[in-house]
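**Q** Chain by chain, the residues:
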Amino acid sequence: MLNQLDKDISISGGPPVSINGKQKVGTVIGFAGLLILALATFNLDFPHKTLWLSLSLGCIALGISLFSYGAYADKSAGIKNDGVYFKSLSSRGFWAWVLGIVLTGFYIVLYFFPEYLGLKQAGENVGLIALFDPLSKALSGNPASQWFVYGTLYTMAIIFFGIKYLLKYRHNPYQRIRTLSVIFFQTGFAFLIPELMARLNSDSFSLPYYDLKNIWPLNYYNFEQYRVDEFISAGTVGVALLIFGVLSIFVVTPILTYKFGKRWYCSWVCGCGGLAETAGDPFRQHSDKSTFAWKVERWVIHSVVVFVVVMTTAVISSYLGYDAEKYWLTKDAFLIGVTILLTLVYAVIFIFKRQELKKDAKIAATVYLAIILSLIAIHYWTGDSSIFLFEAESLRSSYGFLIGSVFSGVIGTGFYPIFGNRVWCRFGCPMAAILGIQQRFFSKFRITSNGGQCISCGNCSTYCEMGIDVKAYAQKGQNIVRSSCVGCGVCSAVCPRGVLKLENGADTGASRYAEKPIVLFQDGK
Amino acid sequence: MKHIAIIGNGISGVTAARHIRKQSDAQITLISAETKHFFSRTALMYVYMGHMRYQDIKPYEDHFWEKNRIDLKQAYVKKLETETKQLIFENGERLSFDVLIIASGSRPQFFNWPGQNLQGVQGLYSWQDLELMQANTQGIKKAVIVGGGLIGVEMAEMLLTRGIAVTFLVREKRFWGNVLPQEEGELVSKHISKHGVDLQFEEELEEILGDEKGRVRAVRTKSGEEITCEFVGLTIGVQPNISFLEGSEIETAKGVLVDEYLRTNCENIYAIGDCAEFREHPTGRKNIEQVWYTGKIMGATVAQTICGKQTPYRPGVWFNSAKFFDLEYQTYGWVWPKPKAEELTFYWEDEKGEKCLRFVYHRENRTFLAINALGIRLRHEVMDEWIRSKQSIDHVINNLAKANFDPEFFPRHEKEIQTAFQKQQKELA
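If you're matching them up, the sequences are chains A and B in order.
Following the working numbering from start to finish, the first sequence increments by one per residue and tops out at 525.
Following the working numbering from start to finish, the second sequence increments by one per residue and tops out at 429.
Check the hints yourself; a few may be wrong.
The calculated lysine-lysine pairs, modelled on DSBU-like cross-linking and capped at a C-alpha distance of 30 Å, are [what the hints assert, rightly or not]:
{"hint": "1", "chain 1": "B", "residue 1": "K36", "chain 2": "B", "residue 2": "K73"}
{"hint": "2", "chain 1": "A", "residue 1": "K75", "chain 2": "B", "residue 2": "K141"}
{"hint": "3", "chain 1": "B", "residue 1": "K254", "chain 2": "B", "residue 2": "K309"}
{"hint": "4", "chain 1": "B", "residue 1": "K73", "chain 2": "A", "residue 2": "K476"}
{"hint": "5", "chain 1": "B", "residue 1": "K141", "chain 2": "B", "residue 2": "K190"}
{"hint": "6", "chain 1": "A", "residue 1": "K359", "chain 2": "B", "residue 2": "K73"}
Quick caveat, the hints were computed from the structure, so don't treat them as lab data.
Note that the coordinates shown come from a computational prediction; the quantities given were computed from them, not determined experimentally.
Throw the hints in and build the complete structure from the sequences for me.
**A** What follows is the structure in structure tokens.
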């Protein structure tokens, strides 16, 4: 018996995993809605598109809601992780793989073969995209695109799996309010406002599609020439939006992150985070908690930041160079500005937070800064406006392909059921990395460990979607101050001993990080 | 190099090993027959309920032990030879030590009930118990749990997640009646009942009845009622797991007898955690403390002494916590089931009867002594400081917000509690 210890206990047998009557009905209705979408994809031409689209989306909405109601409504309010590791879908079983393959396939088609969804370069859409035309026309006045279809389904997922989450965590006001927040920002800011803004566009006035909460570098294309040109040509409103985009990075973000930690964005506002917290919630336990994974995370995510900084600098400087008279900012001033900013950030961290940096972080930061600055220097002195060692355009397109599409979509969301719901946020998102640096060094936010109450049970670490080994801190009485923490609050919720609390009150000094083994032994001394 | 052997890789033994390693280069061997690696015993229930897997309840990654040069030995110690300073394992192998720490924990306590050895009857303490429970509960519908304490309520929660109906026999008038005052006990009992457990108070086990295959088929209670069931959980408590010490020089009573430095009667042999029994408790608590936290404190304490810094066991202000289904419990200081003569208590319960606080303070000098909390999280650091520095009850009530540890946006009750306290004070005056 002893040699079988490392095996999962679920192998030997069966708790009840079947679903109840309401869940069965919900499943049938929801899949009926999906079936309509599938039929449309295979070019079944529905005669009354508005009717069939409404029916389909209505069925999906009702199906998810009914399923969730069946799952949680008759259970008492509290943590609902029973059987997570026994169910195929939530324990990387057969259904998890099926879902993973379907999602991944969907993303590949969406990003690279939208024509299979019915997108037509010229003429009327067909298939799935055509089915969404009535809704798109009602909102923006334009026919649907693959992105409109995706945006609609994405928003639906956040709303209705959000409802599921609200039922699951109905005992926890933090989770309720946070979920309402992501639903609000997705529905309003990411979906409705940009669509309605498109209504304002005419031959003489045009704004780029702009989700106001989508901040650079997550919104890596925000400062590309075509968008900047559109902003500028749209007059005061456009320039205001452009300025807002810049202020978001340099003013709004640092202030909010200082006060609340990066959670104000990552688990309250962001669309990627919104999907992860709602539709992705059943898969949060799959994040890898090993110290090895943490190491990989630090290298990969910070490399993405370097990539996006180099790419954006190259892209902006290339058009500033082409069209020197058109923009008040000159290429030289821009490059010098970037150099000063990066050097300043580096200097501030090294002067004030040196003792917090591990050796590998110091080396990596120094090497990366040197690389970026020498690229800028080469670019500056060779003076060839189109060259940034690499072609700006090829940098942009490879970033868009590798990071924007493959990483965030295909791997980040497609692999939810296998690698967990925050793979993109943890390993890939440059926005999360920048907010993370602020959170680690310049923020009041931390998760407080409650004295000696930790029993090392592992619930917090298991259900941390960011792969933070929370208990490793809690069992030492140490606060959790990690750059990757998105502040979802689930560690605190699942803790059976009331050990963890997300806080942003005063306490920004050394004690924010210190081990406080209070009352662990020796009468507290 | 000095060789320190530790019997038992639970929280006590592991804490001792870690703290010794922080201060010393000695060779450390951590011995356990149960599992190769340390796991959190308190988390066993979550494995059964499917919240976590075995690997998720290990507090340290597997490479931790090698990195910290703590040798792991998975073997059962059959005998201790104090004169040769050797451990003899079940397979006859021997291991010499210079220093020994006995941290062998507990085992479930049985009271020689008729039928307690039938198939389907068990306690819950070890990983092997969990495996047995997994096997014993396959495809069954009805279980009886005996003993109204913490392991019993965990077992009830576990069984219900698998659709097994539970009858819970509790000797007292309410759940955990030998620890909780009446109101708390009733509040918890109500919560447990709400989850569908058939709680039977003032009811005890008389006999367990088996079928022809030697499997449990029913229990008979003291009142003569026969309850059909396919599983019986015996959770009336645990006792020190020290049978391997029989015939050795080590002095034992219920547990291994130790002084305030956790020393046994034999030089360089110590005992800590659940299996240790103080000859006289250094702070006047019960002589055997079977709690995660005290095991941790004993482990850290004994490590100091072994590393040359003679340190008596001084555990500080008592604290403990538990969770009954969805209801969290924390306590700081000693709240007795019935207040002592010099104590006054102030009890507050929310309107819905789902949360409560009980403050205990000194009748004469109004010193704050202890608190029970159900459904409200309290800040350990603050409570510890208030009790330690003998703050007055009035200070505690007025500054209660500082001690709140509930997540953000949770409903707060400080004002309500303050008003209720003033009212009680007026009535008392």
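**Q** Work down the list of hints and note, for each, if the structure agrees.
**A** Against the structure, the hints come out as follows:
no.	hint	verdict
1	K36(B) with K73(B)	holds (7 Å)
2	K75(A) with K141(B)	holds (19 Å)
3	K254(B) with K309(B)	holds (29 Å)
4	K73(B) with K476(A)	holds (25 Å)
5	K141(B) with K190(B)	holds (23 Å)
6	K359(A) with K73(B)	violated (34 Å)
Hint compliance for this structure: hint 6 is the single one not met.
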